[in-house]
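Oh and the sequence shown: position 67 is 67 in my numbering, straight run, nothing missing.
No lab work stands behind these hints: they were computed from the structure. Where a beta carbon is used, it is the ideal one built from N, C-alpha and C, also for glycine. Incorrect hints may appear among the rest.
Unchecked claim - Under the rule of at most 27 Å between Cα atoms (straight-line distance), these lysine-lysine pairs were calculated in the BS3-like manner:
{"#": "1", "residue 1": "Lys-245", "residue 2": "Lys-235"}
{"#": "2", "residue 1": "Lys-124", "residue 2": "Lys-206"}
{"#": "3", "residue 1": "Lys-124", "residue 2": "Lys-198"}
Said to hold, decoys possible - Across the chosen pairs, the derived CB separations fall in these ranges:
{"#": "4", "residue 1": "Pro-151", "residue 2": "Phe-70", "range": "47 to 55 Å"}
{"#": "5", "residue 1": "Thr-263", "residue 2": "Ile-161", "range": "22 to 30 Å"}
{"#": "6", "residue 1": "Trp-90", "residue 2": "Leu-159", "range": "43 to 51 Å"}
{"#": "7", "residue 1": "Leu-63", "residue 2": "Pro-214", "range": "49 to 57 Å"}
{"#": "8", "residue 1": "Gln-254", "residue 2": "Arg-72", "range": "28 to 36 Å"}
{"#": "9", "residue 1": "Trp-40", "residue 2": "Ala-196", "range": "54 to 62 Å"}
{"#": "10", "residue 1": "Pro-214", "residue 2": "Val-45", "range": "26 to 34 Å"}
{"#": "11", "residue 1": "Trp-90", "residue 2": "Val-279", "range": "53 to 61 Å"}
{"#": "12", "residue 1": "Phe-69", "residue 2": "Phe-226", "range": "48 to 56 Å"}
{"#": "13", "residue 1": "Pro-214", "residue 2": "Asp-68", "range": "36 to 44 Å"}
{"#": "14", "residue 1": "Leu-154", "residue 2": "Val-45", "range": "21 to 29 Å"}
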Amino acid sequence: MKRKNQAILEGPTIHHYKHRRKPNRSVGGDIGIYIFLGIWSVIMVFPLVFSISSALKPLDELLKFPPDFFPRNPTFDNFSDLLVTMNQSWVPFTRYIFNTVFVTVVGTFGHVIIASMAAYVLAKYNFPFGNLFFRIVVVALMFNGYVTSIPQYLIMCRLHIVDTFWSLILPAFSAPIGLFLMKQFMEGLPMSLIEAAKIDGASEWKIFISLVMPNVRPAWLTISIFSVNALWNNKANTFIYTESKKMLSYALQQVQLGGIARTGQCAAVIVVMFTLPIVFFIFSQSQIMETMATSGLKD
């Protein structure tokens with residue numbers, strides 16, 4: 001009797017939970033799901049593998065029809081030729097890389113910080129016209145960058161920052177997608193946790209940095225992926241005129257205009273441009289999945 005009462009107080013064991021969580025699915029269903037996921041994985045990875053294979057092909061294999069999927073004589077000549085072509089420019093190749101990395105890092109960091117601070121206030125505090133402001137942000141998501149390019153250019157002219165890096169960084173700070181995602185995610189953060197931190201004497205800045213930001217890591221990693229992809233591939237033709245301030249994507253685009261003789265270099269350009277966003281996405285994705293699995297908080 002004593003053991004029975006103890007078992008009731010202790011409740012179900014981990015062994016019982018494991019049996020309850022076992023999915024009610026047949027072996028055939030598992031095989032079907034794996035086959036379905038495998039097919040879609042092949043479809044999605046096909047362009048990536050084909051682009052890398054094309055970059056490793058010599059010119060005669062690139063011009064072959066029908067083309068081979070994998071190179072018969074793989075070579076890195078396309079990448080070396082691309083480096084030689086870029087070094088022939090009067091602006092060093094490393095300058096284009098520095099410009100792009102600087103704009104990408106500063107723009108992404110500022111976007112995450114500004115969007116997070118604004119979202120924290122909108123999600124956890126009530127102030128006049130707060131809902132109206134958020135509705136304006138939601139409406140701003142509907143507009144494509146081509147629609148806002150002219151007003152954005154006029155604003156940059158009034159601020160006298162055209163042909164500077166700030167003409168690319170400031171618009172990245174104000175991208176509405178970041179504020180929208182951060183606000184929606186922060187609404188799931190329990191207010192009782194923030195109030196407990198205030199009772200312990202933590203300041204607003206301490207709460208934001210040490211408590212809020214670690215718990216919304218999936219959101220700011222997601223907007224970091226979007227921001228890195230947008231800034232890394234930004235040609236900045238509208239705002240940057242000085243050659244020494246041009247972005248890497250602009251310089252590589254000029255290589256692609258060289259005609260059929262640069263077909264191999266064009267294939268190498270494609271690989272160079274998508275390498276950083278894909279690598280950043282792969283590392284961020286693993287952290288996003290881990291954070292979503294371990295940082296769920298509810299009132």
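Status of each hint after checking the structure:
Of the supplied pair hints, the one linking Lys-245 and Lys-235 holds, its CA atoms being roughly 11 Å apart against a limit of 27 Å. Simply put, Lys-124 and Lys-206 have alpha-carbon atoms about 15 Å apart, close enough for the 27 Å limit, and the pair holds. As the CA atoms of Lys-124 and Lys-198 are separated by approximately 13 Å, the hinted pair is consistent with the 27 Å bound. Checking the proposed 47 to 55 Å range against Pro-151 and Phe-70 shows it holds: the Cβ atoms sit about 48 Å from each other.
At about 38 Å, the CB distance of Thr-263 to Ile-161 disagrees with the hint of 22 to 30 Å. Checked against the hint of 43 to 51 Å, the C-beta distance between Trp-90 and Leu-159 comes to roughly 30 Å, which is inconsistent with it. For the hinted restraint 49 to 57 Å between Leu-63 and Pro-214, the CB-CB distance of approximately 53 Å keeps it satisfied. For Gln-254 paired with Arg-72, a C-beta distance near 30 Å keeps the hint of 28 to 36 Å intact.
Roughly 44 Å separates the CB atoms of Trp-40 and Ala-196, a value that falls outside the hinted 54 to 62 Å. Separation of Pro-214 from Val-45 is about 33 Å and conforms to the stated range, judged on CB atoms against 26 to 34 Å. Evaluation of the 53 to 61 Å hint for Trp-90 and Val-279 yields a failure: the beta carbon distance comes to about 30 Å. Between Phe-69 and Phe-226 the CB atoms are about 31 Å apart, so this pair departs from the stated range of 48 to 56 Å.
Checked against the given bound of 36 to 44 Å, the beta carbons of Pro-214 and Asp-68, roughly 49 Å apart, lie outside it. A C-beta distance of roughly 43 Å is found between Leu-154 and Val-45, which places it outside the suggested range of 21 to 29 Å.
The structure does not agree with the numbered hints 5, 6, 9, 11, 12, 13, 14 stated previously, though it agrees with the rest.
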